[in-house]
Each structure stands twice: as structure tokens, then as C-alpha cells.
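Given chain U's structure and the hints, the job is docking chain P onto it.
Number of protein chains: 2
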Amino acid sequence: MLDRIGTKWTSMAVKTLADAAPDEVRFAELKRRMPGVSQKMLSVTLRSLTRDGLVARRVEPTVPPRVFYRLTGLGLSLEAALAGLRTWAEEHMVEIDRANEAAAQEADWE
Amino acid sequence: MLDRIGTKWTSMAVKTLADAAPDEVRFAELKRRMPGVSQKMLSVTLRSLTRDGLVARRVEPTVPPRVFYRLTGLGLSLEAALAGLRTWAEEHMVEIDRANEAAAQEADWE
Numbered sequence: 001m002l003d004r005i006g007t008k009w010t011s012m013a014v015k016t017l018a019d020a021a022p023d024e025v026r027f028a029e030l031k032r033r034m035p036g037v038s039q040k041m042l043s044v045t046l047r048s049l050t051r052d053g054l055v056a057r058r059v060e061p062t063v064p065p066r067v068f069y070r071l072t073g074l075g076l077s078l079e080a081a082l083a084g085l086r087t088w089a090e091e092h093m094v095e096i097d098r099a100n101e102a103a104a105q106e107a108d109w110e
Numbered sequence: 001m002l003d004r005i006g007t008k009w010t011s012m013a014v015k016t017l018a019d020a021a022p023d024e025v026r027f028a029e030l031k032r033r034m035p036g037v038s039q040k041m042l043s044v045t046l047r048s049l050t051r052d053g054l055v056a057r058r059v060e061p062t063v064p065p066r067v068f069y070r071l072t073g074l075g076l077s078l079e080a081a082l083a084g085l086r087t088w089a090e091e092h093m094v095e096i097d098r099a100n101e102a103a104a105q106e107a108d109w110e
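The listed protein sequences correspond, in order, to chains U and P. FYI, the numbering for the first sequence is 1 to 110, going by the UniProt record's numbering. FYI, the numbering for the second sequence is 1 to 110, going by the UniProt record's numbering.
Each hint should be verified, as a subset may be incorrect.
Stated by the list, open to error - DSS-like mimics (lysine-lysine), calculated; alpha carbons at most 30 Å apart, straight line:
#, chain 1, residue 1, chain 2, residue 2
1, U, K8, P, K8
2, U, K15, P, K15
3, U, K8, U, K40
4, P, K8, U, K40
Said to hold, decoys possible - Chain U is nowhere near these chain P residues, computed Cβ spacing over 10 Å in every case:
#, residue
5, G6
6, T16
7, E24
8, R26
9, K31
10, R32
11, R33
12, M34
13, L42
14, R58
15, V59
16, R66
Unchecked claim - Selected chain P positions facing chain U (Cβ under 8 Å, derived; list incomplete):
#, residue
17, D3
18, R51
19, D52
20, L76
21, S77
22, L82
23, G84
24, L85
25, A89
26, H92
27, E95
28, I96
29, N100
30, A103
Quick caveat, the hints were computed from the structure, so don't treat them as lab data. By construction, the Cβ of each residue, glycine as well, lies at the ideal position given by its N, Cα and C atoms.
Here chain U stands alone, though its shape is the one from the complex (with noise of 0.2 Å):
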């Protein structure tokens, strides 16, 4: 189950759900603020996310049908533990980069 929490594209998806909440987002104003997310794979995260239960999936039945999602109590109490781990991210990430460069150049090396 960690592998599906944990990764990028879920993380944005619950933060930028948490930031509308209690407010619904629908698909296309949910894409426009997640920059770099294909059709396909906000349709699979949120497909995953409706079925663990951490998003609320609402259709009106207009033609086309209007879908609006927002996140549930338990997607809510996601976001807290996810923006943990999305903060040590952001605050290590040079570390993070500065490491990886030096490991490229001593495989240069070899």
C-alpha cells in the first residue's frame, strides 16, 4: 500500500485536493493545477484513490456529465503524513542532487 501513497503524482493530487478542500475540483481544474500530469495518469491516480477510499468521486448527470472529486476525512488525514515527507523532500533536495552528482562522477571514474 505504501507504493501507492508515496508517489509523486499521489502526493500532488491530495495536496491540491486538500488545498480546495472542503471545496470539489473537477478533472480538467484538477489537471490545469497539477503541472506534467497526462490524461491517463490523473485518471489512474484518482481511479486508485477513489477505491482506497481517500477521495469522493460526485457525477451530475448533465450532458456531458459534470465529475467533481474531493478529498474524504481519510484522504484529509493523508495529506498530514504525506506533507512530512513532501517537506523533508523540499528541504533536502540539493543535498539530495549534490549526492547524486558526486556518486555520476565517481562512476565516471571507474
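Below, chain P alone, put in the same frame as chain U:
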């Protein structure tokens, strides 16, 4: 980067090394303490963690060489961030499994 650090095996490797800290752990012992991990997956995970500067690798030039792993300071700080996500997953696993079952049944009726 979040995709690398949020995965199940990265989280388990970091936790196992954190539990052993400040002692080092050899590859075979690390594999023993991580039920279900394959030799290849553990190698890939440790290489990624080492490249990111989260794990330090020390080789004793015996024949065959003996390889030791331990968390760096950066790695220990990641453990604190991962622990929050791990605890959340453990606390909510039952709710998520239930949501998955309900979603699967719903899919059967569609």
C-alpha cells in the same frame, strides 16, 4: 524524487538500518530482516539510497570482500519523515482494505 523515497522497499530498508543505527548491517543480514525482498530489489534499493547520500556503504577488502551499510545523518532524517507515513498506513490499512472491497463489489454490479 518522491517516487524514490516513498516506496515500500526504500521505507523498509531505511527503517531496518535506522533500527540498527549506529551499527552497520551487512547485505545478507539486511535481506534477512526484510521479509519478501529479492536480492535484486535490495541491491537496486541500496544503490539508489547510496547514490542519494542516504546510506553509506563500506567495503572491507577481505576475500570475498565484506560490505557494510548504515544510514547517514540525511538518511536518519528521512526515517523520521517516513515513520509518519508508515504509521498512517498501519493505522488506516483496515479502512482502506474495506474501501477496496466495496469498490470491487460495486465494479462487479456495473
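Under the constraints set out in the numbered hints, which ones does this structure not fulfil? 5, 20
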